[in-house]
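Visitor: Sequence:
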Amino acid sequence: MVREVSRPARALLGAAIALSTVAAKAQTLEEVLVTARSIEDTLPVELKRYGHDVETVTADRIAAAGYVDVSSALQFEVPGLFVSPGSGPFDYVDVSLQGSRTGDVLWLVDGVRINNRIFNDTSPDTLPANMVERVEVLKGAESLFYGTQGVAGAINMVTRTFSDEPGGNISLSADTNDGYHLSTYGRGTIGAHKFVAYASKDEGDGYRQFDMYQPSATDRDRSYDVTNFGVKYGYDFGDRARLDLLWHHTDAVLDNNSAARTKRSYNNRDEDIANAKFSFRASDNLELLVKAYLHDWDTTYANIQNRPVTMEEVVVYPPGTYWGFQDYGGTLLAKITPAGALEYHVGYDYQNYEARDDVFPIAGETETVNAFFGHIRTAENALENLNLAGGVRYNRGTSGKDATVWNVSGRYDMTDAVYVQGVVGTAFLLPSAEQLYYVGYPDDGDYAGNPDLKPEESKNVNLSIGGDIHIGSRPLAWLLTGFARDIDNLIDVGYDDPAYPNGRYENVVGTVEVRGAEASLTTPIGEAFKLNASYTYTRSRNEGSDLQRPRTPERFAKAGLNYAPAQGRFEAGASLYWVGDVYQSVGAFGRRNFGNYTTLNLTARVYLDRDRHHRIGAGVQNVFDEEYATRLAQVQADNGTGPVLVQRLGVPQTFNLNYTYQF
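Count the sequence shown with mature numbering (1 follows the signal peptide of the UniProt record, and there is no 0) and you get residues -26 to -1, 1 to 637, in order.
If you are wondering where the hints come from, they were derived from the structure by calculation, not from laboratory data. Cβ atoms here follow ideal geometry from the backbone N, Cα and C, with glycine treated the same way. Among these hints, one or two may not hold up.
Pairs of lysine-lysine, DSS-like flavour, derived with a Cα cap of 25 angstroms [what the hints assert, rightly or not]:
{"id": "1", "residue 1": "K428", "residue 2": "K22"}
{"id": "2", "residue 1": "K428", "residue 2": "K504"}
{"id": "3", "residue 1": "K22", "residue 2": "K433"}
{"id": "4", "residue 1": "K504", "residue 2": "K433"}
If you anchor each label on the Cβ, the simulated ranges turn out as follows [to be verified]:
{"id": "5", "residue 1": "D426", "residue 2": "P189", "range": "44 to 52 angstroms"}
{"id": "6", "residue 1": "D244", "residue 2": "T342", "range": "21 to 29 angstroms"}
{"id": "7", "residue 1": "L454", "residue 2": "L631", "range": "36 to 44 angstroms"}
{"id": "8", "residue 1": "L146", "residue 2": "T32", "range": "20 to 28 angstroms"}
{"id": "9", "residue 1": "T572", "residue 2": "P189", "range": "27 to 35 angstroms"}
{"id": "10", "residue 1": "D34", "residue 2": "G294", "range": "39 to 47 angstroms"}
{"id": "11", "residue 1": "P335", "residue 2": "A148", "range": "39 to 47 angstroms"}
{"id": "12", "residue 1": "A148", "residue 2": "R584", "range": "23 to 31 angstroms"}
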């Protein structure tokens, strides 16, 4: 099911193109991105200096590989991060970062949390690649600065940044799954005023979503229709103060089909992300940041089915059935750099979260969280070749739900070419709205929520040794990492309370243990080629069990070979993704392995002019057309013989063609 572009979306897309044209005609300045960023914006870079493992995927790399959405870029580009999109672009994803569950990873857009805390899952499913300047992936426990859900790490998608030179691009692409993409962005500066605007339109009929269907399922391709647009504004109050504003809007209609009975099923989403930041350098020794944010997610759901055999229409959920949430709050942050050996970060976070779900019945409830945190670091060059840091955070939520976390980190440069680094600490995960407030249908065997749940708590260790070796003028970088995580107060459905015969969420006894290792290498090959490769091993077990936790791969590997000569107009690349055993328990079918697959993507692009304004590209996803599963499910057979096991399929062999005009 695909809809036409709304008039507001067409108007805003046209406005963004017009903005791009104006920017292209503006006075030419020296090309340089604006570097005056707030202490929040520079946080990942600073944490990396103190031993945190931080990966960055740039806009140039995303464009070169031809990724349409952010999930696909992360799937192939980030070592240690397993990403499995449900059914191709703009779909929900399963994520495992160094052996984590999906809900253990915090997602942010320009520092604004976007996780759907109704279910504590992740949802970067409607974020187009064109809006991104870079993606910062912080591995390991990151609850100290980022709060709940930073158990295994945080992924911050930084939108297009300000620039002192007017510029932007317009991009068009199409693929053999009847998908097309149109995007543009423009940015520039007028005096002390800085601006960015971007917009995109993605639409596709999709591909066959499951390996088999019951005759009652008549809608068999997962279509998507996604419109995004955003604006950013910055103003410099002299050299010491800065105001930054962001508004990002998404309209999306996303099919939500099943392998049985589906006639029409979709989510219609209206989403807004906004933030306002005011940064102020009070003195040479004191920087301040005040931030307010809003994430508003409103979705209406429809599920219209066919009755087996008779094919009579059955309305399970009429169009307009609501589910959504609103998350708003603010941050106060201070960076203190007195003359001496130490620096300090202190801050306060406030979060107000309200959710309601009429599809998966959750009463409208509000949760409020207040947090105080502090971080002490050695000043730059205070210790020879050594940087150390440590901090603590206290969170107190509604109904007395509180958590205290800490971490200690450091990096030591053994030589100019070899370093060791590590982070030891704790993290926490607040219960989701479903786990707290799920009402359910007891007569249908549904379990219940529990408002008395405690937050999950975890202990984490990440230790690495790495190095940088220059081969001529080009660096070879390598990194070996060992990681461990123990999770207590794990939240799961329990059946010990006779008042809840169908089960109720509880903090179960026992510890989830995660152990693993990760190796990555980036090396030049000659003057024009670069190779990236990584391998990850994870052992994730419940206490007393020898079984790998569900939907967490034991092993996976990534490799990329890119060709980009300094003076040439032709570039190309290949990306390989291998996944080992992945298990899932599926109702009557028990525990099943749906892993063990390999996919290969190829891309090529040519610049049509010497100044590289015009570029044509082509690509192939899943070159060998391997049929593989991203998830398992069971559906009831139309003939009443019982459940049937089905596989949700990954992207088939798909060809795409694209054109970009850069100005």
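Visitor: Determine which of the earlier numbered hints do not hold for this structure and return their numbers in increasing order.
Guide: 1, 2 and 4
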